[in-house]
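Top to bottom, those sequences are chains A and B. With numbering that gives the first Met the number 0 applied, the first sequence corresponds to residues 0 to 231, in that order. With numbering that gives the first Met the number 0 applied, the second sequence corresponds to residues 0 to 228, in that order.
There may be inaccurate statements among the hints.
As the list claims (entries may be wrong) - Chain A is faced by these chain B residues, among others (derived, beta-carbon under 8 Å):
no., residue
1, G56
2, E63
3, Y64
4, A67
5, E74
6, I108
7, L130
8, V132
9, T158
10, M198
Hint data in this document are derived by calculation from the structure and do not stem from the laboratory. Beta carbons are placed, not taken as given, at the ideal position from N, Cα and C, and that holds for glycine.
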Amino acid sequence: MKTVILACNTIRDELEKVARETLCSYPFVWIESGLHLRPDSLRRRVQEELDTLESVQRVLLGFGFCGNAVIGLRSGDFQLVFPKVDDCITVLLGSKESRERCVKNGGVYFLTKGWLEGEANIWREYEAVLERFGPERTERIYKRMLAHYRYLGLIDTGAYNLSALLPLVNKIADTLKLEARVLPGADRYLKKFLAGPWDSKDFVIVQPFTTVDLSHLGIDLDSKSHPLQGAL
Amino acid sequence: MRKKNQKNLTHEMKELAALVSELKEDEVLATIQDHIESRTPPAELLSACQEGMRLVGLMHEKGEYFIAGLIMAGEIMYRAVDLLRPVMIKGRTGENPGRVVLGTIAGDIHDIGKNLFRDLLECHGFQVLDLGVDVPPAEFLRADSDFGANLIAASALMTGSFPQLRELVRLFNEKASEKKTRPIIIIGGGQVDEVVFNMTGPDYWAPDAFSGVRLCQKLVAERVGKVTL
C-alpha cells in the first residue's frame with residue numbers, strides 16, 4: 000500500500016530518527032511549524048497538501064488534534080491515519096499515562112529542540128513582547144500566561160544533543176520563573192505511527208472520501224435532548 | 000451584527016476601540032477615566048472596548064499578534080472593567096441579575112477567556128463563584144449545592160476535555176431527577192462550536208466572553224433561571 004507521511008516540522012528530528020531505526024522508507028512531506036497556534040490556518044495548510052496527493056493509498060498524518068485543527072479535514076482516495084492525542088507532546092512522551100505522570104505535580108510547559116527552532120516559540124515570543132511592552136508589562140503577561148505552569152520540561156527524545164540546549168532552557172526557565180526539568184521521551188508511539196499496527200486505541204483511522212469530525216476522535220456524537228437550545 | 004455595532008460607535012468610541020486594538024494600556028485607561036468623569040455611559044465605553052477586543056482577535060487570526068497580544072488585551076480589559084465596575088454597579092437598580100458557578104473543565108488549564116468572562120459578569124452585577132481550572136464535573140455540582148447558582152458556566156479548549164463537559168451535564172441531570180429542575184448550563188471556549196454543543200448536551204454555548212455575558216443577561220432578563228426536565 001503506497002503510503003505518504005505528512006507531518007509537522009516541529010517533530011522532524013524525532014520522526015527522521017525513528018524512520019532510520021525502523022527502516023521506514025515512506026516519503027515525508029513537511030508542514031511548517033507554528034501553525035497550531037491558529038488551528039484554522041493549520042487545517043487549510045494540511046488540506047492543501049492532502050489535495051495534491053495522487054496515487055496514494057494511505058496518509059500518515061504526523062499531528063495531534065492540535066486545537067481541533069484536524070476537524071473538517073477531508074481524505075481523498077486514501078485512508079488517513081493520525082495519533083489519537085491532543086498534541087504531539089503525548090507522542091514524544093510515549094503515552095498518555097507518561098504525560099499524566101509528568102504533570103501530576105504541576106503544569107509543565109513542554110519543549111524540544113524542534114519547538115525552540117520553530118517559527119513561533121515561547122522564547123522568541125518573549126523577546127518580542129519584552130521589546131514591545133517593556134519589563135513590567137511583560138512580567139504581568141507571562142505571570143498570567145503561565146499561571147498554571149510550574150515546570151519547563153525539555154523532552155529528551157534522543158534525537159538531538161540535549162546538553163547543548165540546556166543552557167538556553169535554564170535561561171528561559173529562570174526568566175519565566177519556572178523550574179527546568181529534563182523529561183524522558185519514548186519512541187514507542189512514534190515507532191507504531193511509522194510501522195503500525197494502527198489500532199483504534201492509539202490512532203484515528205479515517206476512511207477514503209471522509210470528513211473528520213469529533214466522532215473520529217473517539218468522542219460520540221449521539222444526539223442529546225436540549226431543554227433549551229442554541230447560542231445567542 | 001458586529002458591523003452594525005461598529006457603525007453605531009461614535010468617533011470618540013472608535014478611537015477608544017483603536018487604542019485597545021493597539022494594546023495601548025495607559026492611553027486606554029486614561030481615556031476611559033476622562034469619559035467616566037464626563038459622564039459618558041459606561042455601557043458605551045464597554046462596547047468600545049469590546050470592539051477593540053474584536054479587532055485584537057482578528058489581528059491574532061492574521062498572525063499579527065501572538066498569544067501574548069491576546070493576554071495583553073485581556074489585561075487592558077481587566078483594568079478597564081475595574082474602572083467601569085463601580086460606575087456600572089452604582090447605576091444599577093439593586094436587582095441581582097444572577098448567580099454563576101464558573102470554571103475550566105477537568106483536563107484543561109486554559110483560563111484567559113474564562114477569567115475575562117468572570118470579570119465582565121461581575122461588572123454587570125452577577126455574583127460569580129469561580130472554581131478555577133481543571134475542575135471535575137462533580138466539583139461544579141458540590142459548589143452549586145452551597146452557592147445556589149442559576150447558571151453553570153464551563154469552559155474548555157482541549158478536545159480531550161470535551162467528554163467532561165458531557166459528564167457535567169449528565170451529573171446535573173441526574174441530580175435534578177428528583178427536583179425536576181437544574182441550573183442552566185452554558186459552555187464556551189476557543190474551540191467550542193455547534194458540534195461540541197450538540198455532542199455535550201448543555202443548554203447554550205457562547206463563542207467568546209462578551210457573547211457569553213450577553214447570553215447570561217438575556218437569560219436572566221427572560222427570567223429563565225432553571226431548566227425544567
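Status of each hint after checking the structure:
For G56/B, the shortest C-beta to C-beta distance to chain A is roughly 11 Å, which exceeds 8 Å, and the interface hint is violated. For the restraint placing E63/B at the interface with chain A, the shortest Cβ-Cβ distance is roughly 11 Å, beyond the 8 Å limit, so the hint is violated. With a cut of 8 Å, the hint placing Y64/B at the interface with chain A is violated, because the nearest CB-to-CB distance is about 10 Å. With a least beta-carbon distance of about 5 Å to chain A, the hint placing A67/B at the interface is held under the 8 Å criterion.
Annotation: E74/B was flagged as interfacial toward chain A, and the flag holds, the nearest CB pair being 6 Å apart, inside 8 Å. The beta carbon of I108/B comes within 4 Å of a beta carbon in chain A, closer than 8 Å, and the hint placing it at the interface holds. For L130/B, the interface hint is violated, the least distance from its beta-carbon to any beta-carbon of chain A being 13 Å, above 8 Å. Restraint check, V132/B versus chain A: the minimum CB separation of about 6 Å is within 8 Å; hint holds.
The closest approach between the C-beta of T158/B and any C-beta of chain A is roughly 4 Å, which is under the 8 Å cut-off, so the hint is satisfied. Interface restraint check: M198/B against chain A, minimum CB-CB distance 5 Å, threshold 8 Å, status holds.
The structure fails to meet hints 1, 2, 3 and 7 from the earlier list, while all remaining hints are met.
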